[in-house]
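Chemist: Protein chains in written order, with my numbering: chain E, 1 to 399; chain Y, 1001 to 1142.
What the hints contain is simulated information worked out from the structure, not anything from laboratory work.
Glycine is no exception: its CB is placed at the ideal position from the N, C-alpha and C atoms.
Just so you know, not all the hints are guaranteed correct.
Selected chain Y positions facing chain E (Cβ under 8 Å, derived; list incomplete) [to be verified]: (1) Ala1015; (2) Leu1019; (3) Val1091; (4) Thr1095; (5) Gly1118; (6) Phe1123.
Quick list of the computed label-pair ranges, beta carbon to beta carbon [as the list claims (entries may be wrong)]: (7) E:Gly289 to Y:Gln1032: 43 to 49 Å; (8) E:Asp159 to Y:Asn1029: 28 to 34 Å; (9) E:Arg190 to Y:Arg1069: 47 to 53 Å; (10) E:Gly202 to Y:Lys1070: 39 to 45 Å; (11) Y:Ala1004 to E:Gly202: 32 to 38 Å; (12) E:Lys327 to Y:Val1023: 52 to 58 Å.
Beyond 12 Å from chain E on every Cβ pair, some chain Y residues (computed) [what the hints assert, rightly or not]: (13) Ser1003; (14) Pro1005; (15) Pro1014; (16) Glu1028; (17) Asp1038; (18) Gln1051; (19) Pro1068; (20) Asp1071; (21) Ala1077; (22) Asn1086; (23) Pro1117; (24) Phe1124; (25) Phe1133; (26) Asn1142.
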Amino acid sequence: MTGPGTNANGDRRLHVLLIEDSPADAEIEIAELRRGGFDVAADVVESKDEIRECLGKHSYDIVLADYSLPNFRGMDTLYILAEKGLNTPLILVTGALNSETAVECVKQGAMDYVMKHNLARLPLSVRRAIEETRLRHERTRAQEQLASKVEELARSNCDLEQFAYIASHDLQEPLRMVAAYTQLLSERYRGKLDSTADRYIGYAVEGATRMQALLEDLLAFSRTGRDGLPPAATDVTTTIQEVLKNLAFVLKEHNVTVTCNPLPTILADRFQLVQLFQNLIGNAIKFRGKKSPAVTISAEKKGEEWVFSVVDNGIGIADEHKEFIFKIFQRLHTRAEYPGNGVGLAICKKIVEHHGGRIWVDSELGQGSNFRFTFPAARADRPDKKEDYELSPQNLVSR
Amino acid sequence: MNSAPKILLVDDNPADANLTCEVLATSENPAQVSTVQDGEQALMFLHRMGQFAEAIRPDLIILDLTLPRKDGRAVLAEVKADPELNELPVVIFTTSHSARDIARCYELGANSYVSKPGNLGQFFSAVRSIENFWFGFASIPN
């Protein structure tokens, strides 16, 4: 005997609220359900008050309602169910009902309708109704859980960002005191105390100034994404020109060549985009090899996104370090070899991910690097129209 | 201006106040600096009330924003709204670099706004510049 499984009452019986004024019809319907394999426990009622009373006292797996009773419209049961916040499925079991009315009833919330002259369909209809209700309930619960997880994560993220911002901001003040006064000590008392004291004070000053730089970097990192602008259509070529202007001095100093292939217009925060390219180009210059630095920037449309490449001829990166370098404060070299705190790429990653993209590097030690990152394509992309051209500091100046 | 310039320095951080005074003390024409640590004291000083009955009228006010009891913005607003005091130049000298703070202070009538640099050398330059500008180049009412 196949039952409906454990139901609302925790047993394997089918609890039915049968709204029917003809006792004979009620008997037949119950018999049909039993024939279909259900262990039926039914309450037969015919008035609004009785319905309310039963729904208040028991919980049902299914409501079977006649379409028209002497003092009551079967469909009005839906209002009572809604009133009580119940989502028990309702099946209309009725004699005459034209198909338009039937469809209308289903639209209004009846799960199904079964004609009294074709009651053989009833058990199957009940099974499907119960299964459908169960699925809907599970889906709602899953959605609610997801929504609350998302909310929790968003809140946690916000808290972390705030924490980083406040920590680095509030830590700067006392640190400024330490840095300033250790420096004053070192200036006032240099040569007046012994050389050990001079050395110790030197270490203290170094530590304090380094911590100031770290805090400034941490502040910059935590600000990324916090203080951003809403994304707007940004021409990447214009962005690169701004970056080159910012880096003009360094570009000239190291004789850097920057080549720009056609670049699109994308939806982005233009200040963050400048920061992104400036960090990458700056790194290309900083981590240069023996040759004069050469950087090539290009973009390729792949499906729904633009894939950008910033290729350099610098020192390259070994396989095992490729993920590590994007983490904040992680450095591959000593401070004596290359300056910096290891925030540049972490900021790049944050900016890219904030715009819905991802960033990675293709590289081989000694063979330069290709930093690649994606940006979602704007709905209406301007087609690329600029030709290949070379930007050197001289070209920039003569603009 | 042959007599020593008179400055009212309003800063709740004694270490910062001390640094500022250090720089001012090493100038060619060292200023006479009075220091108070909160906004209420600043106003009492300017109105020569209570313990400040004998206070001098400053030529320049160097004002921090984060102060206990009455913050810098409130002091600035009151000074600039008071016909007896509003001609006194007020330089906001504070750790905040926020664009909002800067705009607000100028709206309230600040004569200038200087953000305190984190680096000692730059801090010295900043204070020196304030002094050079207001007592070297600018003309102030007497």
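Chemist: Taking the hints in turn, state whether each one holds.
Modeler: Tested hints:
At its closest, the beta carbon of Y:Ala1015 sits 5 Å from a beta carbon of chain E; the interface hint therefore holds under the 8 Å criterion. For Y:Leu1019, the suggested interface contact is upheld, since its CB lies about 6 Å from the closest CB of chain E, less than 8 Å. Because the smallest distance between the Cβ of Y:Val1091 and any Cβ of chain E comes to about 19 Å, over 8 Å, the interface hint for this residue is violated. Against a cut-off of 8 Å between C-beta atoms, the interface hint on Y:Thr1095 holds, since the closest Cβ of chain E lies about 6 Å away.
Look at Y:Gly1118: its Cβ gets to within about 5 Å of chain E, closer than 8 Å, so that hint holds up. Residue-level restraint check for Y:Phe1123 holds (minimum Cβ-Cβ distance to chain E is 7 Å; threshold 8 Å). Taken as a hint, the range 43 to 49 Å is violated for the pair E:Gly289 and Y:Gln1032, whose Cβ atoms sit roughly 60 Å apart. Between E:Asp159 and Y:Asn1029 the C-beta distance comes to about 52 Å, which lies outside the given range of 28 to 34 Å.
Between E:Arg190 and Y:Arg1069 the beta carbons are some 40 Å apart, a value that contradicts the proposed interval 47 to 53 Å. Taking 39 to 45 Å as the suggested C-beta distance range, the pair E:Gly202 and Y:Lys1070 conforms, at roughly 42 Å. Judged by the Cβ atoms, the range 32 to 38 Å given for Y:Ala1004 and E:Gly202 holds: they are separated by roughly 37 Å. The hint said 52 to 58 Å for the Cβ distance between E:Lys327 and Y:Val1023, and at roughly 41 Å that hint is violated.
Its beta-carbon lying about 29 Å from the closest one in chain E, Y:Ser1003 satisfies the requirement of being farther than 12 Å from that chain. The claim that Y:Pro1005 lies off the interface holds: its Cβ sits roughly 24 Å from the closest Cβ of chain E, which is beyond the 12 Å cut-off. Non-interface status of Y:Pro1014 relative to chain E is broken: a Cβ of that chain comes within 12 Å, the nearest being about 10 Å off. Non-interface call for Y:Glu1028 relative to chain E: holds, since the shortest CB-CB distance, roughly 20 Å, exceeds 12 Å.
No beta-carbon of chain E comes within 12 Å of the beta-carbon of Y:Asp1038; the shortest separation is about 17 Å. Non-interface call for Y:Gln1051 relative to chain E: holds, since the shortest CB-CB distance, roughly 28 Å, exceeds 12 Å. Every beta carbon of chain E lies more than 12 Å from that of Y:Pro1068, the smallest distance being close to 15 Å; the non-interface claim holds. Listed as a non-interface residue, Y:Asp1071 keeps its Cβ farther than 12 Å from every Cβ of chain E; the least gap is roughly 16 Å.
Listed as a non-interface residue, Y:Ala1077 keeps its Cβ farther than 12 Å from every Cβ of chain E; the least gap is roughly 24 Å. Every CB of chain E is more than 12 Å from the CB of Y:Asn1086 (nearest about 31 Å), matching its label as outside the interface. Distance check on Y:Pro1117: its Cβ comes as close as 9 Å (rounded) to a Cβ of chain E, failing to clear the 12 Å threshold; non-interface status is violated. With a cut of 12 Å on Cβ distances, Y:Phe1124 falls inside the contact zone with chain E, its closest approach being about 10 Å.
The Cβ of Y:Phe1133 lies farther than 12 Å from every Cβ of chain E, with a closest approach of about 22 Å, so its non-interface assignment holds. With a least beta-carbon separation of about 34 Å from chain E, Y:Asn1142 lies farther than 12 Å from that chain, consistent with its non-interface assignment.
Hints 3, 7, 8, 9, 12, 15, 23 and 24 from the list above are not met by this structure, while the remaining hints are.
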